[in-house]
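Student: Sequence:
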Amino acid sequence: MVVGLQVGNGRAPFAGDRPLLTTLSPGGPSGRSQATVSFELTAPARVELHVVGRNTPGEAALASEGAQAATRHLAIASQTHLLGRGHHSLTWTPATTLAPGTYTLELIVTAGGRRTVYGTGGPAHPKAPRAPIVRVLGLDAAFAARSYRPGQQATLVLAADARSVTVQMFQSGPESVPTYANDVLNGVPVSEPQTIDWSENANAPAPIAIAIDSAWKSGVYYAQVTSDDGRVGYAPVIVAPVAPVNRVAVVMPTNTWQAYNFYDGDGDGYGDSWYVSWAIHSVDLTRPHLRRGVPYRFRSYDLSFLHWLYRTGKQVDFYADDDIDALASGDALRAAYDLVVFEGHEEYVTAAMYDIVERYRDLGGNLLFLSANNFFRKVQRVGAGLRLVGLWRDLGRPEAQLAGVQYRASDRGTHQFPFVVTEEGAQSWAFAGTGLAAGATFGRYGIEIDATTADSPPGTQVLAEIPNALGPGLTAQMTYYETPAGARVFSAGAMNFGGQVLLWPQTTQILENVWARLTSG
53 MVVGLQVGNG RAPFAGDRPL LTTLSPGGPS GRSQATVSFE LTAPARVELH
103 VVGRNTPGEA ALASEGAQAA TRHLAIASQT HLLGRGHHSL TWTPATTLAP
153 GTYTLELIVT AGGRRTVYGT GGPAHPKAPR APIVRVLGLD AAFAARSYRP
203 GQQATLVLAA DARSVTVQMF QSGPESVPTY ANDVLNGVPV SEPQTIDWSE
253 NANAPAPIAI AIDSAWKSGV YYAQVTSDDG RVGYAPVIVA PVAPVNRVAV
303 VMPTNTWQAY NFYDGDGDGY GDSWYVSWAI HSVDLTRPHL RRGVPYRFRS
353 YDLSFLHWLY RTGKQVDFYA DDDIDALASG DALRAAYDLV VFEGHEEYVT
403 AAMYDIVERY RDLGGNLLFL SANNFFRKVQ RVGAGLRLVG LWRDLGRPEA
453 QLAGVQYRAS DRGTHQFPFV VTEEGAQSWA FAGTGLAAGA TFGRYGIEID
503 ATTADSPPGT QVLAEIPNAL GPGLTAQMTY YETPAGARVF SAGAMNFGGQ
553 VLLWPQTTQI LENVWARLTS G
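Heads up: the sequence shown runs through residues 53 to 573, numbered per our numbering.
If you're looking for bench data, these hints aren't it; they were derived computationally from the structure. Check before you lean on any hint, since a few could be wrong.
Okay, derived cross-link-like pairs now, DMTMM-like style, lysine to aspartate or glutamate, Cα gap no bigger than 20 Å in a straight line [what the hints assert, rightly or not]:
1) Lys269 / Asp374
2) Lys366 / Asp390
3) Lys269 / Asp235
4) Lys269 / Asp318
5) Lys366 / Glu244
6) Lys179 / Asp374
7) Lys366 / Glu564
Distance windows between CB atoms, simulated [unchecked claim]:
8) Arg201 / Pro178: 39 to 47 Å
9) Arg201 / Val55: 51 to 59 Å
10) Pro181 / Gly491: 54 to 62 Å
Note that CB positions come from ideal geometry on N, CA and C, so glycine has one too.
Throw the hints in and build the complete structure from the sequences for me.
Tutor: See the structure below:
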């Protein structure tokens with residue numbers, strides 16, 4: 053029915069383009085502003101063209117419902133034609149404001165009572181009819197490594213159709229400017245802006261050398277890239293210390309950031325994440341993040357904690373997951389730090405990291421978990437990627453034996469409720485100065501929740517609960533336990549506890565109390 057289906061931009065191809073993938077850069081200097089789908093019909097047909105986005109889990113799920121669902125829920129542009137036999141071309145010109153990402157040009161061809169959908173192919177159905185894919189290029193930037201040390205030279209890889217770009221480094225956390233959008237980063241500039249002629253790199257990604265100044269303190273940083281026409285992109289990176297400086301380490305959830313990164317690197321129209329399709333088993337750690345380079349949920353889960361750290365003058369060392377993996381043993385971690393903080397959603401850990409952190413705890417090292425669903429899935433580092441292995445609890449190492457609680461349920465934030473202080477919690481140091489008695493409530497939490505199990509260490513205290521948070525019996529629990537070796541472990545039990553630490557006064561005081569307890573001798 054359809055022969056020779058292909059797509060092009062009428063201009064020079066961008067690196068990676070192929071017959072069913074073309075790159076557009078609306079408003080860019082190279083004129084890549086329009087996609088042309090060409091094909092030959094072997095018989096007269098009714099042809100529908102629907103432009104749909106399938107990068108995120110919800111979009112991909114709707115797309116799997118079929119063409120009608122895609123048209124109803126996902127289409128950002130549609131057209132219908134009655135075409136005769138022979139060669140035809142259809143065009144799509146995206147708005148200059150369209151978010152960067154990949155878009156599927158789904159074709160529904162009906163002739164002689166037969167209906168064929170070109171666009172059902174994907175990770176779960178690789179042999180189904182494929183549709184043309186259009187990559188709308190932004191300023192797609194990512195560092196070659198997820199952390200660097202002061203004094204090193206970092207490599208930033210940028211894909212952009214621009215005449216020139218300006219790159220400047222910022223530190224996230226010390227800024228006083230609020231952030232209201234999920235695709236924006238605000239920070240404090242730590243370098244002068246550097247303008248680079250990019251006209252020779254308009255057709256392929258190219259590297260940019262970034263000096264990590266030896267005076268920069270350990271922290272969360274990012275490169276801000278601005279094109280001459282005003283487009284903006286970001287690339288986060290962790291600056292870890294050359295050697296331990298402080299007695300507290302903060303581990304940023306860089307594995308989870310990439311697991312939830314829906315950037316479509318292979319150009320099949322679907323985000324390269326197992327949250328888009330369980331047929332995807334690995335993620336590339338060197339990809340830019342989809343939303344202009346900002347990690348998924350960074351504003352909701354990580355930023356408030358960073359603000360709290362700097363506003364209260366806490367002195368810590370920052371690390372990426374890779375840095376903990378690279379340690380010789382938990383002994384080295386224990387020698388360097390009294391407290392290790394997992395401030396965000398630390399869901400994906402390697403065997404090396406689990407071994408190191410568990411050994412650290414067994415040697416008396418203190419742990420602070422400020423989110424939920426931590427140490428849940430085992431991953432394996434393979435080259436520049438992570439491969440999904442399975443659930444730690446199914447592999448004989450339930451996360452409750454380390455964190456005190458483990459994942460119970462998620463409703464993606466549909467319902468959120470206050471914590472209720474337990475009798476045990478009311479008598480605890482954790483609620484000193486909060487004015488909270490047994491039965492009192494504070495905050496609103498949920499999204500994903502944790503609770504104790506039979507694998508929780510002996511003596512684990514439940515300080516507060518959200519009864520039936522996500523349904524009957526699905527109760528969130530905030531816990532604390534100590535070990536005979538002297539380790540102290542606190543777990544918040546709700547996904548957004550650390551992400552809202554500055555929103556509720558009682559939460560801020562609880563964190564101050566926990567911090568004091570876990571950093572005291």
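Student: Confirm or reject each hint.
Tutor: Hints versus structure:
no.	hint	result
1	Lys269 / Asp374	19 Å, holds
2	Lys366 / Asp390	14 Å, holds
3	Lys269 / Asp235	25 Å, violated
4	Lys269 / Asp318	36 Å, violated
5	Lys366 / Glu244	27 Å, violated
6	Lys179 / Asp374	36 Å, violated
7	Lys366 / Glu564	10 Å, holds
8	Arg201 / Pro178: 39 to 47 Å	41 Å, holds
9	Arg201 / Val55: 51 to 59 Å	56 Å, holds
10	Pro181 / Gly491: 54 to 62 Å	60 Å, holds
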